[in-house]
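Each number in the numbering used here corresponds to the 1-based position in the sequence shown with 6 added.
The hints are simulated quantities; they were obtained by calculation from the structure and are not laboratory data. You may find that some hints are simply not true.
As the list claims (entries may be wrong) - Okay, derived cross-link-like pairs now, SDA-like style, lysine to any residue, Cα gap no bigger than 25 Å in a straight line:
| no. | residue 1 | residue 2 |
| --- | --- | --- |
| 1 | K56 | V105 |
| 2 | K159 | A130 |
| 3 | K238 | P207 |
| 4 | K75 | E226 |
| 5 | K232 | P207 |
| 6 | K238 | Q253 |
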Amino acid sequence: MKISALIVDDEQPARDELAYLLKYFPDVDVVGQGKNGIEAVSLVAELNPKLVFLDVQMPGLDGFGVIKKLLDQGNRPPYFVFVTAYDHYAVRAFEVNAVDYLLKPIERNRLEKALQRVRGMVEASESAFQKLDRLVHMIEERPAPASSKLVVKSGNRMVLVDSSDIIYATIQDGVISIVTKDLEGQSNFRTVEELQSNLDPNIFWRAHRSYLVNINRIKEVVPWFKSTYQLKMQDRRETEIPVSRAQTRKLRELLNL
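Please model the entire structure based on the sequences and the hints provided.
What follows is the structure in structure tokens.
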């Protein structure tokens, strides 16, 4: 299992030294280097690395600013290992869920410990995906329930939608929206509870108070911060839906996490 890594530091010698040390770890593939925070944000979007070694103090946008920008974009962030010459940033680094915190000059054995943590998190993430795949296959093998249709208002049309085609439903400002692969529209149900009572309870799960998801239409389970998860769905936008803390245990039961 290769771990793609990005190195970001405003000092070229520091980048070169870390790149040299990483050559001792054949499962780590350095895919790029950046010299400031703005470049880091751009390179993460372009290269999609699993891991970023990130300097804290950089001109313009510091390491914490990089993480904030990436989170504001709403995409799944990589794992971060902070690299700095100052130990007083350590507490703040772990507050933003950095995997580890390395002090310069970096020692090879300390780097190895950081990479062991990263490997554990990557393997746990991939294991969750495999369990999801098994769950979907188990569901597909069940006898199909009688098909039920729902009315969805889309523009000036009233469309009949098979419940099995619903990817997820969400409520905002008292209006329930239903999303399928080819359609988005409004439901005539007034509450998520009312909609849920008309759907197969073995298929539709209340992942969050504002979201009802079709577990057959989950594309990916994304480990998130503070031991929570997001569900990447199979709609055209690959919407990421948060799993509430109250439902995290249910998700773990479903996937044996």
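Going through the hints against the structure:
With a C-alpha separation of about 12 Å, the suggested pairing of K56 with V105 holds against the 25 Å cut-off. For the hint pairing K159 with A130, the CA-to-CA distance comes to about 41 Å; that exceeds 25 Å, so the pair is violated. The straight-line distance between the Cα atoms of K238 and P207 is roughly 20 Å, inside the 25 Å bound, and the hint therefore holds. A C-alpha spacing of about 23 Å is found between K75 and E226, which places the hinted pair at or below 25 Å, so the restraint holds.
A C-alpha spacing of about 28 Å is found between K232 and P207, which places the hinted pair above 25 Å, so the restraint is violated. Of the supplied pair hints, the one linking K238 and Q253 holds, its CA atoms being roughly 16 Å apart against a limit of 25 Å.
The structure fails to meet hints 2 and 5 from the earlier list, while all remaining hints are met.
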